[in-house]
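Colleague: The chain contents come next:
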Amino acid sequence: MKNTLLALLAASVSFLLMSHAAEAHHGWSEFDTNREVTFEATVTDFHFVNPHCVVEFDVKDENGKIHKWQGEFSNPGQLSRQGWTAASLEAGDKFTITGNPAKNNAPAIHVARIRMPNGQEVKVDGGR
Amino acid sequence: MSRIGSLRRLAVSLAVCALLAGNVSGQSNPELSQAQESLHKVATTETAGALHEEGVPVTDPLVIAKCGSCHARDDKGNMERISWARTTPEGWQNALKRMILVKGVSLTAQEGRLIARYLSTYHGLAPEEGVPVRHIAERRIHEESNIADSDPGKACAKCHALALTLSWRRSLEDWKQFVELHSARYMFSPNAEIVAYLARVAPLHSPEWEAWSARTNLPNLAGRWLVIASMPGHGKYYGEMQVDRAGDDEFTTRANLTSVRDGSRTLRTGRSVVYGDYAWRGRSKGGEPASSAPDDRSSEAREVLWIAPDHSRAEGRWFWGQYQEFGFDVQLQRASSNTTLLAIDRVSLKAGSRANRVHLIGDNFPAQVAPRDLDFGPGTIVRGIVSSTSADIVAEVDVAADAPLGKHGVAFRRSVLPGAIAVYDRIDYVKVTPESAVAAFSDSTHPRGYLQFEAIGYQRGADGKLHTADDVELGPVDVTWSFQVFHAPEGSSADFVGRVSASGLFMPASENPNRNFDVWVIATARDENDQNGLALVGKSYLVVTIPTYVFNGRKYVRDLDRWVDDGPA
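Quick note, the sequences are listed as chains A and B, same order.
The opening position of the first sequence corresponds to residue 1 in the numbering used here, with each subsequent residue numbered one higher.
The opening position of the second sequence corresponds to residue 1 in the numbering used here, with each subsequent residue numbered one higher.
With the rest of the complex left out, here is chain B (with noise of 0.2 Å):
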């Protein structure tokens, strides 16, 4: 790619740019075009003097046959900007999408899906450049209130979440035409800044992706996985997963999960597909139909899970609804012939409390358990063991007055939950999760957009103070729920919002007003009070708004568009 081609391409971006910039505006913007000067600057200096990096040839006759003739390869194997990117199966998704609407590629279903499990396979991410962008493929709620003014990255959390860029890494030639494309059609101020602050957090080549290229082995993914599972407003779920191979990176599952909270079960069955050896995208259902209820735990799913690259363990989300707002957070953890101790059913104890009835969740537990085998940390006894079998013991646990306040680790024989449970004096406040969210009204073609709400119990941690980095959480705290309306636009009426149900599930009302509402959704404690005799309150800021036309993932250029999100054919 020469120099001159680069400044322009440049040059034309540049151009269109400040096109679009005045039509829009009416005027011309000084600060972008001295934005464009310095980021001109900058092609014309770091290229020349940047060390040009090594691309990450294409090997597969099919991305070159339907790339290729844009894409030019050359005597390395290596393709126009495709051998200078890596990203994330949802990120090659996005961008053969982008091929088909903006450049007129023709593909089929098969082909779709094979291209987009080539370039995730072979021009992914390792695995641990993938966890810190993991939210946007498990479809979570994750604020980035925490990039400084001086961040280069707070562009881009200017429109989108920063980790959406950071799920790409490009080499520093690619970034500069990422930033120059990006900026036109956008009409963002370039800058070398941001150029240079990308290709040094989100490099093409890195040490990690060194050493997971070169793994040459396929998934090893099948057989017995233990899981555990929580749904918000369901709690949590154990049992276990087999999965048998269909395909070279392709497999079946089969999961049984046991409600915590009230002893029934599900079985899920599903298929998925295993990117880069760790990436795991498939689809599950419920053994029985979903009932109409939106949260109701045979729903279909989306899964999306990182595995270790150990394989022993993974860790994502089971997702589904218009907005994706419904789901299990899953754990799962390959099983093996050793006494495994998975989770317990209380996430605290109240010191002072006696006869503390205690589930402890596992694999392998031997015939005969003795409290001795049990270990809650300072300041507790088990008394006695209520139950056991091989994956489940009952135990009751004492807890002295004078037991140290804060997490303590919980132990079966050498198989240890570090931080499992805490134990307190008082609940000190009421946290609702999540703390702000947004919900949507539905229309003829849009479904509503649910929010599933928890009251959290929080004490103070060591420092005395609340609502600070090491307060303690306790888990859930029975409540009941209300909303109030603190926001509505002049002239509209707050009786057709919505409401909240006993479990803590708001359910805007059907009819779309075409207006926006800013609610407080609280959660008033039923047993547990302040100090002034008060039941603990907490709140939580949901807008209540009208539905999102367009979402990134969710609107399809056509059906065979959804090779990722739909798993394996």
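Here chain A stands alone, though its shape is the one from the complex (with noise of 0.2 Å):
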């Protein structure tokens, strides 16, 4: 009986240990969950891959100058439980993107919501 409770209390402390590196590339405590910033932009690259899908966008300022920025989703596997898919964005694609800033003014966001070029205004990520 002794043995068995310390395997089930290593295997538990295994676990744990198990569950925070599933984690532990990073988090999104490093957006600002109390700013939104929504942009008109083109995709330049999307990537349909773990840990996160990324959409990488150019964004036009009032003089014409070219900023690059990309946003961080969820990892593909909920994603495409929303119907997403590697070609769901297209370099070229106009839209409109809406999510959380990074804290550290990094030209990086966590998105929330897009109105692809459609039209069609998508939730993504389930609000996280």
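Take these hints with a grain of salt, some might be off.
[To be verified] Short derived list, chain A residues pointing at chain B, Cβ under 8 Å:
{"#": "1", "residue": "V49"}
{"#": "2", "residue": "N50"}
{"#": "3", "residue": "V54"}
{"#": "4", "residue": "G77"}
{"#": "5", "residue": "R81"}
{"#": "6", "residue": "E90"}
[Unchecked claim] Below, computed lysine-lysine pairings styled on DSSO-like, alpha-carbon distance capped at 27 Å:
{"#": "7", "chain 1": "B", "residue 1": "K465", "chain 2": "A", "residue 2": "K94"}
{"#": "8", "chain 1": "B", "residue 1": "K158", "chain 2": "A", "residue 2": "K123"}
{"#": "9", "chain 1": "A", "residue 1": "K68", "chain 2": "B", "residue 2": "K431"}
{"#": "10", "chain 1": "A", "residue 1": "K94", "chain 2": "B", "residue 2": "K431"}
{"#": "11", "chain 1": "A", "residue 1": "K123", "chain 2": "A", "residue 2": "K60"}
{"#": "12", "chain 1": "B", "residue 1": "K66", "chain 2": "B", "residue 2": "K76"}
[Unchecked claim] Chain A residues, not near chain B, derived (Cβ > 12 Å throughout):
{"#": "13", "residue": "T33"}
{"#": "14", "residue": "T38"}
{"#": "15", "residue": "E40"}
{"#": "16", "residue": "D61"}
{"#": "17", "residue": "N63"}
{"#": "18", "residue": "K94"}
{"#": "19", "residue": "T98"}
{"#": "20", "residue": "R113"}
{"#": "21", "residue": "R115"}
{"#": "22", "residue": "N118"}
Simulated from the structure, these hints should not be mistaken for laboratory data.
Just so we're clear, the structure is a prediction, and the values are computed from it rather than from any experiment.
All C-beta atoms in this analysis are idealised placements derived from N, C-alpha and C, irrespective of residue type, glycine included.
Grab the two chains, each in its own frame, and use the hints to assemble them into the complex.
Modeller: Next up, the structure:
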């Protein structure tokens, strides 16, 4: 019985370590959930990959200067269950993208919703 | 196994589970309690109704002697739990390691090997059952992104690959016991749906197993085999492997491989054991001492091969590295007296191109070869034969500007390689493979975890869209490599993450900063541009992280626990 309990305890600790490791890449706390920013933008690339799907996009400012941004989503498994595929966004697509900006002022957002090229508004990540 | 006994065990398991859950979270978990109640109901109703499944009797005296004190044996020779489960050699190895760790079983190295061998051979998977879970033993990056929300297997995939679960086959009753114990150990919500799902998709008895378990022959693999191999970052290799019998199910090997890229040769010698007549597990090393380069192809490697039931071909991986990140993908075909076309050195030919030199690699090519012996599909013309030997033909091929785009078969007389070459008009995009991966820093006890990247060109398929299933792979693209850190923990420096070599090998820094970094590994094509005239760029999402301190299959209880991983003694 003692051995069994020790094994269960060891297994529980392993599980907790494993759970931690599974989320070790980075968390969403680096994005400011109290703020939202919206861009009219042009897709330059879309990565439908683990651990996070990422869309890269160009934003043109009032002086015509191009700024490069990237928006991060959850993983492909979660997005695919919402109907996304690797071809959902293509380079050259014009879209409106809204999300929480990075706290460190990096040109990155955690994507909350997108108005797709066909005009359809899509919420993503299910509120993460 | 009585129903009351089963319920008693369930009650104890759930009590421990609840105790652990309460201790960890400090509060009750209504969801878990509800699920446990659901399983409890199933245990009451389904067990009563379920048909008793015949076990797989254990006949090996050593297994009976070593396992019999806990796993009672009935008058049919069935041993508790053992007779109602089947799995891969690695699955049995892990089960034995758990028995040593948890139950205090004592085994010598030889006993461990013999027990693992018996169970893997007579309580293993049929070859067809082994195919979907091969990637686990072959230590491949494999993403399970297609598990639907409604799939009960999603519960497994939350913590580990679903394939790990499905590498076991059990009776309904044994799946039930497994889920009970597993839920207590790992505090997930057990439910009847998971049990029913597992019993349906991974049953103890299957037509494949019934057919396979009736076999009587020993594996007959001795002889000459033709080998085609590829190593990420190094390209294709071809050659042959002589296999000689060294015991009932043990073999020695001698493989000569030649690089298609530069003609250099590698000799590898090894020793392997074959479980269940098809699961090849062994070790081999190069004839020359391996250099300090982590990807040295002479490195000592583990060999995992799946051998076709008719013993005519085999495929798998020979791998090494702290995270098994280096290796050859290999395909073997038993040599015969027939002319055999094995591979070609090119993946693609451009429409409108002329005098493309293509190497055809094979066996028993005739002394006289004419252009009419070769066929590269519609829109292509074989202009001439540059050279030929019994193993290699060099041909010059023209491709018409209007040749049909897409995959073409290549044939030498009646020996055909379906879809061996792609005809393309332009490279539409570059994909960096693997598309996402993990590399690891090192510390005083853990070597670095490297990652070899490749830049592969793609053309849109028939649907005209990029990044869809019908896109056509065109092979490696000449690129320059760089990387960019895009997520670094606050206050950390990204200067010491690592570097990527000219051949696409990412080498993490040797010092472990105890932090994680998200990195783009970027391939920029030297000669291929997009429609705006800009160089094609591909990226892979790499997480550079701390060493893996607990790694299934690498953290051994003690040295003798590597019976399967080490190959034969």
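Colleague: Take the hints in turn and mark each one as holding or not.
Modeller: Do the hints match the structure? See the list:
| no. | hint | in the structure |
| --- | --- | --- |
| 1 | V49 | 4 Å, holds |
| 2 | N50 | 5 Å, holds |
| 3 | V54 | 7 Å, holds |
| 4 | G77 | 5 Å, holds |
| 5 | R81 | 5 Å, holds |
| 6 | E90 | 6 Å, holds |
| 7 | K465/B x K94/A | 17 Å, holds |
| 8 | K158/B x K123/A | 23 Å, holds |
| 9 | K68/A x K431/B | 21 Å, holds |
| 10 | K94/A x K431/B | 23 Å, holds |
| 11 | K123/A x K60/A | 24 Å, holds |
| 12 | K66/B x K76/B | 18 Å, holds |
| 13 | T33 | 16 Å, holds |
| 14 | T38 | 21 Å, holds |
| 15 | E40 | 20 Å, holds |
| 16 | D61 | 21 Å, holds |
| 17 | N63 | 22 Å, holds |
| 18 | K94 | 16 Å, holds |
| 19 | T98 | 20 Å, holds |
| 20 | R113 | 21 Å, holds |
| 21 | R115 | 21 Å, holds |
| 22 | N118 | 15 Å, holds |
This entry satisfies every hint, going by the numbered hints stated previously.
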